[in-house]
Amino acid sequence: QLQLQESGPGLVKPSDTLSLTCTVSGDSISSTNYFWGWIRQPPGKGLEWIGSLNFRGSTYYNPSLKSRVTVSVDTSQNQFSLKLTSVTAADTAAYYCAREWASGLVRMDLWGQGTMVTVSS
Amino acid sequence: QSVLTQPPSASGTPGQRVTISCSGSNSNIGTNSVSWYQQLPGTAPKLLIYGSDQRPSGVPDRFSGSKSATSASLAISGLQSEDEADYYCAAWDDSLNGHWVFGGGTKLTVL
Numbered sequence: 001q002l003q004l005q006e007s008g009p010g011l012v013k014p015s016d017t018l019s020l021t022c023t024v025s026g027d028s029i030s031s032t033n034y035f036w037g038w039i040r041q042p043p044g045k046g047l048e049w050i051g052s053l054n055f056r057g058s059t060y061y062n063p064s065l066k067s068r069v070t071v072s073v074d075t076s077q078n079q080f081s082l083k084l085t086s087v088t089a090a091d092t093a094a095y096y097c098a099r100e101w102a103s104g105l106v107r108m109d110l111w112g113q114g115t116m117v118t119v120s121s
Numbered sequence: 001q002s003v004l005t006q007p008p009s010a011s012g013t014p015g016q017r018v019t020i021s022c023s024g025s026n027s028n029i030g031t032n033s034v035s036w037y038q039q040l041p042g043t044a045p046k047l048l049i050y051g052s053d054q055r056p057s058g059v060p061d062r063f064s065g066s067k068s069a070t071s072a073s074l075a076i077s078g079l080q081s082e083d084e085a086d087y088y089c090a091a092w093d094d095s096l097n098g099h100w101v102f103g104g105g106t107k108l109t110v111l
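Each protein sequence line maps, in turn, to chains A and B. Just so we're aligned, residue 1 is where the first sequence starts under our numbering, counting upward by one. Just so we're aligned, residue 1 is where the second sequence starts under our numbering, counting upward by one.
Certain hints may be false.
Stretch-level coverage of chain B by chain A, calculated; a stretch enters the list once three of its residues show a Cβ under 8 angstroms from a Cβ in chain A [claimed, not checked]: (1) 23-31; (2) 42-51; (3) 93-107.
Because the hints were derived from the structure by calculation, they are not lab data. Here the structure is a predicted model, which is why all the values come from computation and not from measurement. For glycine and all other residues, C-beta sits at the position ideal for the given N, C-alpha and C.
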């Protein structure tokens, strides 16, 4: 059964770069059917989509975050990653990775459990 | 400010039917299908409805979705206490090279 697991530091200093990895198990990340995405949720607030990519490295980004975000894929490790630069307290959130259907009835059908990242000195 | 607009709260008593609305625009709901997500307290969101009205395997048929023009709705019939959760709508938006957009979420309280 497909599972996604986020990993990375739980604490990041202001102005530093937040880096997270999502490990996909139970299936190959190299499928033409899917994109692999990142979504975040500040404490007590709603969901915000950050960006996604496919195994070929084609990417889509949230226009409001695009200047600070990079998503990348490592097919040999069945992983994809998120980098968010110049973080501030406003980037404190639970970060989720998810599988996105790339065509047809698009949706985010499988989610990781999430990892909390706090931006603080 | 979310691109898709949902009411911040909704409520109902056990057994009732409740609906949650989601309003968008031509570039998102008007063109693409809507998905709904249920987030129980302290857990990750879970796909509830996709393709505006399709239920994934395992989702009870008490949950249903619909779409008309630039709006969508989630209906929950036979409300149960375990349905108390936050509900989010989402759609692909074709503007600005394409990106996902979410509603602000609706907190459903079972009275």
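- If any of the earlier hints don't hold here, list their numbers in rising order. Number 1 - this is the single hint that the structure violates.
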